[in-house]
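Engineer: All chains should be built: construct the whole structure from the sequences, respecting the hints.
The lines below spell out each chain.
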Amino acid sequence: MSVSSTVSGAAAPELRIVGFLCNWCSYGGADTAGVGRFIQPTDLRIIRLPCSGRTNPLFIAKALLQGADGVLVSGCHPRDCHYAEGNFYARRRLEVFKQLLPVLGVDPRRFEYTWVSASEGQRWQMVVSKFTEQIHSLGPARRLPGAPELEWLRESAG
Amino acid sequence: MSAKTYAYYSGCSGSGTSKEYDLSTRALCAALGITLADVPDWSCCGSTPAHMVDHALSAALSARNLAQSEQLGLDDFVTPCPSCLKNTHNAIEQMRDPGFRKEVDRLTMRPLARKHRAFSVLQLIYEEVTPEGLALKIKKPLHGLKLAAYYGCLLTRPGRSMRFDDEENPVSMDRLLEAAGAGMLPFPLKVECCGGSFGIPRGDVVARLSGRILELACSMGADALVVACPLCQMNLDLRQKQIRSAVRLNFHLPVFYYTQLLGLALGLPEDQILLDKLVTDPKPALAKIEIIRPPDVPAQPAKEVPA
Amino acid sequence: MEHVQLGRGDTDFIRAVETESGQKVSRCYQCGNCTAGCPMSFTYDFTVSRIMRLIQLGQKNTVLSSKAVWMCASCESCSTRCPNHIEVARILDVCRHMSRRAGFGGARNVRLFADAFLQSVRWHGQSHELGLMAVYKLLSMRLFDDLTLAPDMLLKNKLPFKPHRIKGRDEVAGIFRRYAQGRGLHGGGKK
Amino acid sequence: MKIGVFICHCGSNIAATVDVKKVAETAGRMAEVVYATDAMYACSEPGQQAIEEAVKKYALSGVVVASCSPRMHEATFRRTVERAGLNRYMFEMANIREHVSWIGRDQGPNTVKAIELVRMAVEKLRLNRALIPRKLPATRRALVIGGGVAGIQASLDCAEAGLEVVLVEREPSIGGKMSKLDKTFPTVDCSSCILGPRMVDVAQHERITLYAYSEIESVSGYVGNFEVVIRKKAAYVDWDKCTGCGLCIEKCPSKKNFDRFNEGLGSAAAINIPFPQAIPKKAVIRAEDCRQFQGKKCGICAKFCPTGAINHEQQDELVTIQVGAIVAATGYDLADWTVYGEYGAGRYADVITSLQYERMLSASGPFGGHIKRPSNGEEPKSVVFIQCVASRDPSIGRPYCSGFCCMYTAKQAIMTRDHIPDSQSYVFYMDIRSPGKGYDEFTRRAQEEYGAQYVRGRVSQVYPRGNKLVVRGADTLLGSQVEVEADLVVLAVGGEGSREAAGLAEKLRISYDSFGFFLEGHPKLKPVETNTAGVFLAGSCQGLKDIPFSVSQGSAAAAKTLALLSRDMLESDPQTAQVDIKRCIGCGKCIQVCPFQAIREADLRGQSKAEVLEAVCQGCGLCNATCPQGAIQLSHFTDNQVLAEVEALLCP
Amino acid sequence: MAVQEELKKIILGLLPQVDCVIGWGPGPDLLCASPYFMRRPEEVDNFLAGPMATQNTALYLPEYKGKKVALVVKGCDSRSVAQLLAEKLIAREEVRIIGFPCAGVADMGKIAARLAPHGEPGEAEKAVYGEKELRITMAGRELVLPLAEIKADKCLRCAHPNAVFSDHFAGEKAAGNDDEFKDLAALETMSLEDRFSFWEKEMSRCVRCYACRNACPLCVCRDHCVASSRDPHWLTQADGVSDKLLFQVTHALHLAGRCTGCGECQRACPAGIPVLLLKRALSRAVEGLFGHSAGLDPETRPPLLTFQVEERTIKEKAW
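Protein chains in written order, with numbering that gives the first Met the number 0: chain A, 0 to 157; chain B, 0 to 306; chain C, 0 to 190; chain D, 0 to 651; chain E, 0 to 318.
In short, the hints are calculated from the structure, not lab data.
Computed list of lysine-lysine pairs in DSBU-like fashion (alpha-carbon distance at most 35 Å, straight line):
hint	chain 1	residue 1	chain 2	residue 2
1	E	Lys314	C	Lys23
2	D	Lys608	E	Lys64
3	E	Lys316	D	Lys525
Structural biologist: Dropping the structure here:
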């Protein structure tokens, strides 16, 4: 059981969802959602990268093999990349990576990538809500021996 | 030209009010080397009334005919009638939605096995024979005849779904008739509605809408209108008398099927193009055709057409 | 027209129109192009763009009892020229289905003609023009309309007296039967 | 490392749904954190002061602020830590407002999430390194691309402030779209009377070099140090000799050519000067129209030219220049309105565009300022204006409002009544968009004083009947169809990015959208900047604008250019890719993918290695994600820094 | 064997023009050859080609950068060369390629399993590879193993038995098979859960020797592998399955769109872990998405180092 449930009481236990967002579009979109007070599930933790092209699929592999229940990558819409081409490369690499997951025995629905612009606060809310729901429907991911357990936070949240 | 065979669906009016369209279409296709195979024991597509009642019912009526055409082993379904075409086309398009397809299958109890395509005989001739190919076969060019081609509202619209010719300014009939030697007027109301199936319940509607088409064609100096739709032909020709009195204008404008005129230009005999079925007398218009004889061929004796 | 209570629009109706037609009515920005090009507009009580507006506001009864949804000739001018690619004609079709299902009268003659036509198809498998006219005239009590046409049509041998009956007419009748049976189960369009 | 953590309440924005004290308390126990506290408003002056004091008091070597989005205040706090004596990159932010307090209602999960975001920031900060911007020299010369009113303004402002300016214009004359207009709204003053003097200023300014009838061939280099190759297209006339006397035009036998400047109304000679006020006023031969180039015997222009300027053998010439900054001001083109079959798709002579109408109204235009029906030369009495043609029309992929059509249509309706007092104008509109000084009043004047009949609705079809045009539309206010017989139909065609914009954007390495408009750096805060350092935007190339707005942007782009080149040395953002020479095996994959050509192959003692051009690198990190052995790392977003954040979440 | 003799002739002819010819020579035991580096004509006598010539000769190419070498290649080896060329990791003018029709190589694991009742492969006294079978004399008895039964799996599905390109070719070209990714299909008959357990079990045997990496001709990082670097620090030294599997995923992703499926990684694995499967999964994905098979054309850019603005084959999630 994760700590958040002990804090919040009734809500479903939080799962571990990591987001890799490009600074220019999607991170801005998440900000816009915040400014608009678009309520979202709290499971997601966002890591800010300059560009979706900076997303090495191995970041995702690392997260999924070492304890994350879901990973979401979001960048600028194709053609709107701040760096012109980063998301085009990302799209290929992330799609190829997604197809590797079932061979590893990881449900490919644990990883999604999408495009959200800085103005699309509502789209961001929708993506986060649906993805979180998707991960909850899959439940906690199985952990490999050697991967850390999630009990550690209990201490820090005290 | 392709040696393909096409499943042919004449539609109900082909055995009644537009017999001449059906027959001239068959004769024209035969003369152009297009093989048509009748859809066996076909049924009505439901026309406008069916889709006014329900889309699945409408699609089911069309789907039955597609199922019948599968007995011929053919995917390409052609019809001279734009209304039948529209229904068949819509049925094929809408059945891409699995839920809709399921409902249609429930109604017909005959799920379709093949991937069907539906198009008009006009499209077939325009794209397979092409105006250039047609020109080579013209025996009696229609020189001197000034025509307005009227396509009706269903044949090309909306373009994103019908995918044939231009949705606002179609030219296929114009190009074919030009190839046959006729002079084509830049008729601006090519795709305006003639009133369609409102002929029976609301004659006033047809009088107004078809009246406008006839009036403009007349004022532009057309000798005749040319159409590709049985319903349009019926409204414009059969009801012309009604329209004349309704709009208080005196026009006598014959309304040909393009297949009749192309047949005429190809030298097909009268019993295959049935010009005598037209209500508004076509003879004054036909008389304008200038007979240009090649210098070395002696003039044919006039008056071949049986009265 | 009654004044419209904005908060009381029938949102189920809006949703039903959208699902059955597959169109998004909120995309309409009321430019009026559909109205401008509609050949049947002179027969309507509400112009097409007003019908669209009424749907946007969920005015179910006004829409379904309107003449406009029945007088549309399905000529596709509106769909062709809509700047927002809305299949307006399909929306009108769907409204007509709903109007029929909900028992609104609509334009009586138009409805009766459609019924007569389909009856003819149901009986024979193909439509029989003369029989169809007879049925329609009986239903509509408009016995003498179009009588002037008959001589022309008969003269040109365009109206066969006997209907052509196809072999598969039972099958066609079956389609109508199953349609009638299943009508409660589906909405006529996409589920 | 000694880290200080500051948790901001942001008034109640954060504190209402996050237990700020608890976050601070927990942060105090995180690795290398020596000081953690909460603050009411971290960004306020006392808030920043508290951070500065803490840095000094606790000898902090890094700072984490948990507050709003870094897109909001990262720059603010970087300056704060810099004032306190730290390198500005020894700072991290945790976004606990937009990403936590504003999107979650429950304090419990919010607090846990805030703690974790702080932990991620701390873990990343532990790996941060001081980064020092590099200084590079800059060329104090600006290139302005496009000589429309925006480009003219930018050039004059830069030159006035002492900068060298090179202005490149693809047409034979500068002036752009404004030079084609008759009058301007809402003052109805003459367009060429107000633009003309500015054009002359450009020609006469000692610090402006004008390349007319020229295009950008290639751009290389980076901010402060661009190298630009300009293609001077062959005019087949030696402009040094040409005096603009116009004798050649008079004598040219090929006169029935498409007249570009007059939008195809009237015709032009094969050798031509587009309009009387042209700058430069030099003749150009269009090879495709010239008899000499069609293999016919001619050369009449050469025979008559008093200065012997004609040279049919002339070739394109390439000129290379060095500039420190670039202003793109390439304007717009009218969208293709011939896609509208219902308006005749170009088949009806009396259906014209608004820009053609401007040429008709202009006294120096092909009709000498008389409004005539192109079909028969008669004066029209009934003129229909159709607005929103190729604007606000998603069905043809032009969903946006072009912004200026409502106003110029009102102007044209006014001018119509002015030219032909017994005429009647009809304006079909969807909405009137007139938010500008005196703009709405102007549209009212068109209706109240000039009797223009405004009809609210689109037009469905235009077709000829007799020698009139039938316009069928709707009046949605009336709830009815309307029909009007017109002598002339003027389509208020919307605009789109210049057709050559995409190609230029590729050369400048700036982004553009599907309508051909260049993308600004930030829609609100960087409207004339791009995301490529040293490249600025002015006028309609960024999005459609009217004249005053284009002029303002020209000045704004000039201000940006001047600010950039006011120093002799530029600072470059140090968040760039760095190559670990020892680990690089020279496979070149990074070079292949870099969108900015910022990496090149360098030889290191016979071995091939990647080398980053720091001034060109924009810091996207694509190379970093591509290098299999991680030999190229993006500073401030290295693999280890990202992994530290991942591990902060997954591993204790 | 005629082909082997023909190859020797070609090698002898090329020796004066190059620094070295890489092929196969006598190995540690009679069943298996070793990579063989020929510089002098007399060394050519011991050259071997055939089912025992398992190693990928392309492995050594990048080390010879700047020198001229000739390479004897099987079909699979030639694809590695083509891929190295496509990535410009070697220079075309520095290599001469000698191809021959490969009938498939032997899988030592399969041979060992067949020999198990009789002894170790090293105890073979005599071994003769014939057209259709391998005859081994062991403890005085002759054992006959049909080649079809001891062929490596990768050879059973090999589509390119001949060099995909070559400067010289000995013998008649052989016919290839279709690769239908049946190995992956077999894995995919398992549930996701079972696949996860499968890797958990397989990887638990990993001893982190990195033989898989060292045998890979396209693993160009060599001494700079992220597995052992501190900056970037992708892997811990902890003995957990998660780090071991992450390394395999790393290797596979580094090879995505590049792996030619030569299978040397798997052959080299002392623990017999089917590490090739992960790379095959990515090859299948890349082939399906971009229609690209690595190592067929020295001119094509690897698909993950390029893109198309509209990717027709990528079906993105519709939210």
